[in-house]
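S.K.: Sequence:
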Amino acid sequence: MSLAQAMATTFGTYCVADFLSNFLQHPTQKMDYGLTINKLLGRTNDVTSGSENFWGTRTEHILGVAGCLAITDHTSQSLFKSIYKKELCFAKSPTAFVAHTFFFIFTGVTIYVAGDAYFSPLHPEEKRFQEFKDGTYASYVGSNTAWFEPFVPVVVAKFAGPVAGASWLGSSLLPATLAYATVKGVGWNDWGNFGLNETELKMNGLYEEKKIVKNQPSVILG
Numbered sequence: 038m039s040l041a042q043a044m045a046t047t048f049g050t051y052c053v054a055d056f057l058s059n060f061l062q063h064p065t066q067k068m069d070y071g072l073t074i075n076k077l078l079g080r081t082n083d084v085t086s087g088s089e090n091f092w093g094t095r096t097e098h099i100l101g102v103a104g105c106l107a108i109t110d111h112t113s114q115s116l117f118k119s120i121y122k123k124e125l126c127f128a129k130s131p132t133a134f135v136a137h138t139f140f141f142i143f144t145g146v147t148i149y150v151a152g153d154a155y156f157s158p159l160h161p162e163e164k165r166f167q168e169f170k171d172g173t174y175a176s177y178v179g180s181n182t183a184w185f186e187p188f189v190p191v192v193v194a195k196f197a198g199p200v201a202g203a204s205w206l207g208s209s210l211l212p213a214t215l216a217y218a219t220v221k222g223v224g225w226n227d228w229g230n231f232g233l234n235e236t237e238l239k240m241n242g243l244y245e246e247k248k249i250v251k252n253q254p255s256v257i258l259g
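In terms of my numbering, the sequence shown has 249 at position 212, counting the first letter as 1, and numbering is strictly consecutive.
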């Protein structure tokens, strides 16, 4: 398989993994995939009228993060290969593989954060650098939770057999899906009714509730 084919496969896997991870993080909530896709999903009520078609949606995240991770994953593998003079393999070099996992996830997600902070029209000019700093910190926190990813195929092989552990589902999609869920969930507190954008809050009937909580005066105890 050529490098281009390998990166395309990785990109596709990460896109699917990000999409599936939303069901782990938000099992009962509707997600905002952009105005066009929302309409295709039958979400055509007025709460989507102000929705973006791309920026700030789950679709932006799926495509943007997958693209960045596909690049950093293969770049990191090449880097570790040049250092160790052999293919990176978890069974033979577990410590190096876990280090590679953190490195490529943190780097890839941070590159995405930088791109979103710089290009997204949703961020005011004066807040772009703050968006980058906040996103980089969240990326660091979240990436530290993905240490388990290389162990997932081992567990799958133990309980479902070596064929399952070596399959695309067991060795690539499942580990990536779980890692996406923890990186986003822990790094950005993206769980349940938390981590939703404005359109998602409206879709799930939570917008007014958030406004009430946000506008409540703080209580000083003394």
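One thing to keep in mind: the hints can contain errors.
[Unchecked claim] Listed next, with one range per pair, are the computed distances between beta-carbon atoms:
no. : residue 1 : residue 2 : range
1   : Lys164    : Gly229    : 21 to 31 Å
2   : Glu245    : Tyr155    : 26 to 36 Å
3   : Pro199    : Gly152    : 37 to 47 Å
4   : Asn234    : Ser39     : 49 to 59 Å
5   : Lys76     : Gly232    : 15 to 25 Å
6   : Ala128    : Glu235    : 40 to 50 Å
7   : Tyr244    : Ala41     : 35 to 45 Å
8   : Glu124    : Tyr177    : 23 to 33 Å
Just so you know, these hints were derived from the structure itself, not from any lab.
These figures come from a predicted structure and were not determined experimentally.
Virtual Cβ for every residue (Gly too), placed ideally from N, Cα, C.
S.K.: Quick check: which numbered hints come out false for this structure?
M.R.: 4
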